[in-house]
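Following the hints, put chains B and C with the ligands in place on chain A, whose structure we already have.
Given next are the chains, with one letter for each unit.
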Amino acid sequence: MFHAIRTPGRMRDQLKDMQTRLREIAAAFLERPDALFFIGWEMTPDEKETRPFFARNPRQAQRLVWNDLCHPNPASYLPRLRDREGMIGVAVKGCDARALRELIRANQIERKNLFVLGIPCTGLVDPNTGAIASRCAECQYPVDFDYDETLGPMETPALTVERSAPDLDAMSLQQRRAFWKQELDKCIRCDACRKICYGCYCPECIFEMSDPKWATNRGDLADKIFYHAVRAYHLAGRCVGCDECARACPMGVRLDLLNRSLRDHAKEMFSFDGAGITDEKPLLRTFSTEDPDPFFGGDE
Amino acid sequence: MSDFEPKILIFACNWCSYAGADMAGVSRYQMPPNCRIIRVMCSARVRPEQVISALTQGLDAVLVLGCHPGDCHYTEGNYLTRRRGIMLKNLLETMGFEKNRFQVNWVSAAEGARFAQVVSEFVEEIKALGPSHVSRDKDTGTHA
Amino acid sequence: MTVIGYMKRSALEGVLGDISDKLEVIAPLPSGDKGAVELRRFEKGAQVSIGPVKPMLPLKTIFLPPVEQIFRFSKSENETTVTASTPITRDRVVFGALGCDIAALALIDEVFLREPVDEAYRERRTRTTIVALACEGQGPECFCASVGIDPVRPGGADVVMIPVKDGFIVETITKKGEQLGTMLQGALRDPTGPQKKTARSFTSTSRSDVDLSAPAGGWSAVWESEAWEDASARCIGCGICTVVCPTCHCFDVHDERHGNGGERFRKWDSCMAVNFTMMAHGENPRPQHRARVRQRYMHKLVYFPENHGAVACVGCGRCAVACPNRTGIGEVADRMREREEDSNE
Ligand code: SF4
Ligand code: SF4
Ligand code: SF4
Ligand code: SF4
Ligand code: FES
Numbered sequence: 001m002f003h004a005i006r007t008p009g010r011m012r013d014q015l016k017d018m019q020t021r022l023r024e025i026a027a028a029f030l031e032r033p034d035a036l037f038f039i040g041w042e043m044t045p046d047e048k049e050t051r052p053f054f055a056r057n058p059r060q061a062q063r064l065v066w067n068d069l070c071h072p073n074p075a076s077y078l079p080r081l082r083d084r085e086g087m088i089g090v091a092v093k094g095c096d097a098r099a100l101r102e103l104i105r106a107n108q109i110e111r112k113n114l115f116v117l118g119i120p121c122t123g124l125v126d127p128n129t130g131a132i133a134s135r136c137a138e139c140q141y142p143v144d145f146d147y148d149e150t151l152g153p154m155e156t157p158a159l160t161v162e163r164s165a166p167d168l169d170a171m172s173l174q175q176r177r178a179f180w181k182q183e184l185d186k187c188i189r190c191d192a193c194r195k196i197c198y199g200c201y202c203p204e205c206i207f208e209m210s211d212p213k214w215a216t217n218r219g220d221l222a223d224k225i226f227y228h229a230v231r232a233y234h235l236a237g238r239c240v241g242c243d244e245c246a247r248a249c250p251m252g253v254r255l256d257l258l259n260r261s262l263r264d265h266a267k268e269m270f271s272f273d274g275a276g277i278t279d280e281k282p283l284l285r286t287f288s289t290e291d292p293d294p295f296f297g298g299d300e
Numbered sequence: 001m002s003d004f005e006p007k008i009l010i011f012a013c014n015w016c017s018y019a020g021a022d023m024a025g026v027s028r029y030q031m032p033p034n035c036r037i038i039r040v041m042c043s044a045r046v047r048p049e050q051v052i053s054a055l056t057q058g059l060d061a062v063l064v065l066g067c068h069p070g071d072c073h074y075t076e077g078n079y080l081t082r083r084r085g086i087m088l089k090n091l092l093e094t095m096g097f098e099k100n101r102f103q104v105n106w107v108s109a110a111e112g113a114r115f116a117q118v119v120s121e122f123v124e125e126i127k128a129l130g131p132s133h134v135s136r137d138k139d140t141g142t143h144a
Numbered sequence: 001m002t003v004i005g006y007m008k009r010s011a012l013e014g015v016l017g018d019i020s021d022k023l024e025v026i027a028p029l030p031s032g033d034k035g036a037v038e039l040r041r042f043e044k045g046a047q048v049s050i051g052p053v054k055p056m057l058p059l060k061t062i063f064l065p066p067v068e069q070i071f072r073f074s075k076s077e078n079e080t081t082v083t084a085s086t087p088i089t090r091d092r093v094v095f096g097a098l099g100c101d102i103a104a105l106a107l108i109d110e111v112f113l114r115e116p117v118d119e120a121y122r123e124r125r126t127r128t129t130i131v132a133l134a135c136e137g138q139g140p141e142c143f144c145a146s147v148g149i150d151p152v153r154p155g156g157a158d159v160v161m162i163p164v165k166d167g168f169i170v171e172t173i174t175k176k177g178e179q180l181g182t183m184l185q186g187a188l189r190d191p192t193g194p195q196k197k198t199a200r201s202f203t204s205t206s207r208s209d210v211d212l213s214a215p216a217g218g219w220s221a222v223w224e225s226e227a228w229e230d231a232s233a234r235c236i237g238c239g240i241c242t243v244v245c246p247t248c249h250c251f252d253v254h255d256e257r258h259g260n261g262g263e264r265f266r267k268w269d270s271c272m273a274v275n276f277t278m279m280a281h282g283e284n285p286r287p288q289h290r291a292r293v294r295q296r297y298m299h300k301l302v303y304f305p306e307n308h309g310a311v312a313c314v315g316c317g318r319c320a321v322a323c324p325n326r327t328g329i330g331e332v333a334d335r336m337r338e339r340e341e342d343s344n345e
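If you read the protein sequences in the order shown, they are chains A, B and C.
Residue numbers for the first sequence, in this note's numbering: 1 to 300.
Residue numbers for the second sequence, in this note's numbering: 1 to 144.
Residue numbers for the third sequence, in this note's numbering: 1 to 345.
Heads up, none of these hints are tricks.
Cut-off 27 Å, straight-line C-alpha distance, at most; resulting in silico cross-link-like pairs (BS3-like, lysine-lysine):
hint	chain 1	residue 1	chain 2	residue 2
1	C	Lys34	A	Lys186
2	C	Lys267	A	Lys181
3	A	Lys213	C	Lys267
4	B	Lys99	A	Lys267
5	A	Lys213	B	Lys7
Since the hints were made in silico from the structure, they are not lab data.
Next up, chain A with everything else stripped away, as it sits in the complex (with noise of 0.2 Å):
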């Protein structure tokens, strides 16, 4: 029950061959007493898509898949786990050991507690499309990290893929506004996007507090700008850019863009790499004295 959908069968070999290595790794890891369960994935009840599984026993194991549809990020089921007595295993691609790697430093899950299994990845596909994801197009894997197996070397993959259309920094703030006035409209508020994120762990989320009441409740546009706002700066210098959240959208909103317009300013207002890349410290706790001044009359 494999689908690559546009994958060469060269490489489809290859992916094969590396989801049997896979379930025999995550079987033998749940053979061990203190295993819990294995996070990886399997294919929807459609076979069109994946979805996060967690194997439980060896005979479980059978069902994780990897392919090129294999877009959820098994990370970011952690920090709920992070109470659990025993081993969790967790299999991730590039941008997923990002996430793990910024969960770990912000202690949301303890590195003794985890097997991590590394998985190259060669890029994934949109299962409508056929198309390489956008976000692959910005993959980077993260430098020296510390898997107890992988499946092969764990390098940023050399792809050629387009970033996704439109290019906010284009437009004129006529053109933005009427941009996100539309978007804003297809927002439900259902709050997915931020319940998927790896990065939303917070106890209590700022959008659920009712002392003080950050958010009002009204749904209009106001809010919604709020609500759009400050989920992307609270992942600002976090996101790793993996496109769940938008991918989670029932209303396709175009929120990744917002999470990519912060990278890209991060990248070029202060030369940050991208979170979960190296050990360095986050975006928004450290600063530089040369730091950029673009506010008026910043120094006399």
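For chains B and C with the ligands alone, kept in the frame of chain A given last:
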């Protein structure tokens, strides 16, 4: 738009900018009536959420004032403010706000005249921009 | 049920335009550029997108809007004025409603039309005529036939439009439907024999093999089952399943004040949200994720049938489509039954 009176929120840090405002007052500088000033211990105490919240709940602009870089009472607060401010400003622009609706600036305790100048210029700039595109009906909070 | 004639597909927008002079017309309209549709107010000149896709948001939005103002208030020197909001100002007609969504209204009626009656809901309900589109099964997710719904002539519809070549056979079912029928007259022709025949034999591909029945020993036997752990493991608790579900109807009431005034409104809520059960004193009686997941299925499959006599699922399959992890109610029911046989896979 000359008769437009914007609603403006100013955050000023206790150790420099708020003292600067006092100084301006002593020199008989009249605070423009459309500005509300909130004293915070350090410019880094201003949460980006507060700025976004203000801009989406009916205010036309937000100005954060702190000590000059290097002079923060808590040594590095204003450097953090600067980074956060830059990221926030870019984000707001990406989302369709004019680039000057949110600004950060530095005013020391001795700079009463500078305080007056920074604030007046800011008010003029916002007047020229006109009302924020996310303005709300003042009394019900719903959009007009 | 009376066949009142044949209407050409190409005449539809014109007819809706004429009706919109007298009634507010709501129809599936294209939304965004990805081929999605949305039930919205039809304005003259708009293109209707009837048939090909199920709107992501169900028909309930027309009767129980996502956000609904109850009243607004404002305060001056020495006076406070409170203005009640009007639910709707004109009689309305919804075109192209689907069987699953219409059947769901009957379930929501059980809640909102029982004493104490929800007046805003009642007014919207009584002042709206429902024109169903006989549904041939909109996608692989459809399983209304499994829960006893007739997707072709759904109970609760006032008029039914059955797709035939290049148009529809129009049948009226209720008094309200007949009234609407008179407004359609100008666009109707006598149907030909083959057209009538197609309409009579119209069938749906909706799956009839989805099983929502209880596990052996009843649902109470699985209350503490480890299977909920499995069923909730990959769930991120976003609550999209409740948003898109045509039978979910929980709401919360908010007061919000801005300046010298404010408003009270109700807004959809979701049992999947942490705050759903949050008490004013800060205690949350349902703090665990798995208990929230269990609540959703228990409400649909156990409590609702106990209180109102029917399972609160109409087989639209939206939950499985919208869920970021593609988990639908059918799969969860299977899982819970399976569990009893194979309790530790
Ligand atoms: S960004 Fe794309 S290519 Fe890189 S690891 Fe993630 S899914 Fe794979
Ligand atoms: S997932 Fe989409 S619809 Fe839901 S809150 Fe996020 S952007 Fe809005
Ligand atoms: S904000 Fe979106 S793209 Fe960024 S890490 Fe979170 S889910 Fe991934
Ligand atoms: S539970 Fe799922 S299939 Fe059933 S009515 Fe609700 S959304 Fe549709
Ligand atoms: S105390 Fe003035 S900016 Fe920190």
